[in-house]
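Participant: Full structure from sequences and hints, please.
Here are the chains, one letter per residue:
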Amino acid sequence: MVATEAEITMEDLAQKLETHEHASAKHTKLVIIAWSGELDKVWPQMIMATTAAAMGMQTTIFFTFWGLFSLVKTDVGLTGDNWMQKMVAMMDRPGMEHLGLSKMNFAGAGPKMMKHLAKEHDVASPVELLEIARDLGVRMVPCQMTMDLLGLKREDMIDGLDDPAGAATMLMEAQEAITLFI
Amino acid sequence: MVATEAEITMEDLAQKLETHEHASAKHTKLVIIAWSGELDKVWPQMIMATTAAAMGMQTTIFFTFWGLFSLVKTDVGLTGDNWMQKMVAMMDRPGMEHLGLSKMNFAGAGPKMMKHLAKEHDVASPVELLEIARDLGVRMVPCQMTMDLLGLKREDMIDGLDDPAGAATMLMEAQEAITLFI
Amino acid sequence: MVATEAEITMEDLAQKLETHEHASAKHTKLVIIAWSGELDKVWPQMIMATTAAAMGMQTTIFFTFWGLFSLVKTDVGLTGDNWMQKMVAMMDRPGMEHLGLSKMNFAGAGPKMMKHLAKEHDVASPVELLEIARDLGVRMVPCQMTMDLLGLKREDMIDGLDDPAGAATMLMEAQEAITLFI
Numbered sequence: 001m002v003a004t005e006a007e008i009t010m011e012d013l014a015q016k017l018e019t020h021e022h023a024s025a026k027h028t029k030l031v032i033i034a035w036s037g038e039l040d041k042v043w044p045q046m047i048m049a050t051t052a053a054a055m056g057m058q059t060t061i062f063f064t065f066w067g068l069f070s071l072v073k074t075d076v077g078l079t080g081d082n083w084m085q086k087m088v089a090m091m092d093r094p095g096m097e098h099l100g101l102s103k104m105n106f107a108g109a110g111p112k113m114m115k116h117l118a119k120e121h122d123v124a125s126p127v128e129l130l131e132i133a134r135d136l137g138v139r140m141v142p143c144q145m146t147m148d149l150l151g152l153k154r155e156d157m158i159d160g161l162d163d164p165a166g167a168a169t170m171l172m173e174a175q176e177a178i179t180l181f182i
Numbered sequence: 001m002v003a004t005e006a007e008i009t010m011e012d013l014a015q016k017l018e019t020h021e022h023a024s025a026k027h028t029k030l031v032i033i034a035w036s037g038e039l040d041k042v043w044p045q046m047i048m049a050t051t052a053a054a055m056g057m058q059t060t061i062f063f064t065f066w067g068l069f070s071l072v073k074t075d076v077g078l079t080g081d082n083w084m085q086k087m088v089a090m091m092d093r094p095g096m097e098h099l100g101l102s103k104m105n106f107a108g109a110g111p112k113m114m115k116h117l118a119k120e121h122d123v124a125s126p127v128e129l130l131e132i133a134r135d136l137g138v139r140m141v142p143c144q145m146t147m148d149l150l151g152l153k154r155e156d157m158i159d160g161l162d163d164p165a166g167a168a169t170m171l172m173e174a175q176e177a178i179t180l181f182i
Numbered sequence: 001m002v003a004t005e006a007e008i009t010m011e012d013l014a015q016k017l018e019t020h021e022h023a024s025a026k027h028t029k030l031v032i033i034a035w036s037g038e039l040d041k042v043w044p045q046m047i048m049a050t051t052a053a054a055m056g057m058q059t060t061i062f063f064t065f066w067g068l069f070s071l072v073k074t075d076v077g078l079t080g081d082n083w084m085q086k087m088v089a090m091m092d093r094p095g096m097e098h099l100g101l102s103k104m105n106f107a108g109a110g111p112k113m114m115k116h117l118a119k120e121h122d123v124a125s126p127v128e129l130l131e132i133a134r135d136l137g138v139r140m141v142p143c144q145m146t147m148d149l150l151g152l153k154r155e156d157m158i159d160g161l162d163d164p165a166g167a168a169t170m171l172m173e174a175q176e177a178i179t180l181f182i
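Chains as they are written, first to last, in my numbering: chain S, 1 to 182; chain A, 1 to 182; chain G, 1 to 182.
Treat the hints loosely; a few may be bogus.
Which copy? The list can't say, so a pair holds if one copy fits it or any two copies do.
To be verified - Dumping the calculated SDA-like pairs for lysine to any residue here, alpha-carbon to alpha-carbon at most 20 Å:
1. Lys29 to Thr74
2. Lys153 to Gln175
3. Lys29 to Met172
4. Lys29 to Arg154
5. Lys29 to Asp159
6. Lys73 to Glu155
Note that these hints are calculated values from the structure, not bench results. Quantities reported herein were computed from a predicted structural model and do not represent experimental measurements.
Facilitator: Below is the structure:
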């Protein structure tokens with residue numbers, strides 16, 4: 001099982017992990033509070049969520065703050081009602097294709113390098129992992145408060161998401177779950 | 001319930017959330033290890049703590065490392081016994097009013113913008129949330145080791161805190177709790 | 001017990017904490033996902049792990065992404081098979097002696113200062129804490145996927161580690177544990 005991680009691909013993730021692990025999972029739930037929007041944090045968010053779902057765990061990602069940008073359509077320009085939202089809009093281009101790296105961004109060279117590195121080693125990209133997550137039934141919940149702060153509407157978000165919700169819903173979901181703030 | 005988050009205010013947080021959620025909470029505890037001192041991390045620390053407390057959960061925030069600065073009185077100059085503590089003192093002005101933002105600080109423009117944005121949308125500021133937390137009975141525990149490292153004394157901290165404690169106390173508190181490192 | 005944290009040293013950590021806390025620990029496990037490699041994050045990773053182990057908790061640290069660098073021998077130059085791994089290699093010098101600080105690095109002055117500060121106050125350094133952790137029986141698991149991405153082999157890592165593993169193993173380990181992503 002040690003070697004499985006390096007081979008996570010869209011085609012065989014579910015089958016491979018389920019075979020090995022499903023039987024012994026006692027915890028039934030994983031809740032990830034996806035606060036970060038940078039590539040090197042999105043990766044663990046997605047890899048853990050897809051792995052958990054493939055293991056048969058009930059898995060929910062609650063996307064909040066910078067993490068919410070992972071769910072915004074690539075072609076959406078944030079257009080809040082006022083100049084402040086527009087300033088925020090300028091600083092972050094939404095969508096998984098544009099994710100920076102928390103360390104060593106180097107004018108965009110870092111993320112590109114990391115993605116290539118991952119491709120050569122057959123690790124799925126964040127966008128692919130997002131699709132795998134949906135296919136595996138991971139619940140993806142955008143944070144209502146963050147959406148309101150940034151002037152985002154449901155139609156600005158990618159398809160396949162759960163209804164927006166808040167901290168109370170997340171805490172209810174976290175009852176008896178493994179809960180990670182990433 | 002989806003809309004409640006955007007309206008968290010001092011006046012009605014407790015009542016609003018309690019009505020909706022209290023009945024079904026099975027986990028009785030939330031422990032937040034508040035390691036970060038930046039505005040965009042302090043917000044989730046405070047929003048989750050106040051929401052949990054309003055839901056009837058026994059809630060503890062353990063403030064450590066950079067997170068400890070949230071509890072230091074605004075007018076306290078850190079005055080350690082030696083030049084090293086003074087260097088640390090120069091780099092961080094304590095108190096919630098001065099919190100930076102982990103991304104896009106822009107000479108202080110980022111946090112100001114974010115606070116205004118929140119105000120327009122009726123989301124409480126970190127200072128207000130700290131007060132709400134105290135009112136709702138959230139236990140706030142400063143990390144003894146960090147206080148020692150920085151030469152801070154009890155009288156340098158805001159009122160209403162629990163006794164300083166360490167990692168062992170925190171881990172005991174985390175038994176059977178939802179535990180988040182933020 | 002409040003004062004114990006400030007005196008964590010190699011000599012007496014285990015005895016001191018065990019006396020105070022062991023009896024009442026209900027949770028038997030702590031799992032730390034050590035994602036960060038910076039000094040101010042490595043410290044809480046190590047302090048919590050050693051404290052938990054000293055309290056009699058079954059403790060596992062899963063080192064992934066930047067966190068993996070804590071386990072790489074100081075004299076190892078990362079030598080991947082291709083130019084991309086070499087670029088990553090240039091940006092991070094592995095080994096605990098070189099850890100930066102997530103805030104205020106100041107050309108290396110920040111970490112040095114922090115270590116001196118800790119030494120004066122009798123708090124163990126990360127390297128010492130790593131040794132304490134091994135002595136106390138903390139399981140230290142390097143992430144297989146990260147090793148593959150960076151072209152690292154077992155002989156590049158320090159001694160006393162568990163077999164490399166992946167997210168599925170970590171999630172199994174996290175069943176009924178306090179789980180922290182740091």
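Participant: Now tell me if each hint is right for this structure.
Facilitator: Results for each hint:
1. Taking the closest pair of Cα atoms, lysine 29 and threonine 74 never come within 20 Å of each other, the shortest separation being 30 Å inside a single copy and 39 Å across copies.
2. In this assembly of identical chains, lysine 153 and glutamine 175 lie within 20 Å of each other by CA distance neither inside one copy nor across copies; the values are 29 Å within and 37 Å between.
3. Taking the shortest alpha-carbon separations for lysine 29 and methionine 172, both the intra-copy value of 12 Å and the inter-copy value of 12 Å come in at or below 20 Å.
4. Taking the closest pair of Cα atoms, lysine 29 and arginine 154 never come within 20 Å of each other, the shortest separation being 26 Å inside a single copy and 33 Å across copies.
5. With identical chains, the CA atoms of lysine 29 and aspartate 159 are never at most 20 Å apart, being 23 Å at best within one copy and 34 Å at best between copies.
6. In the homo-oligomer, the alpha carbons of lysine 73 and glutamate 155 lie at most 20 Å apart inside one protomer (9 Å), although the nearest pairing across protomers, at 44 Å, exceeds that limit.
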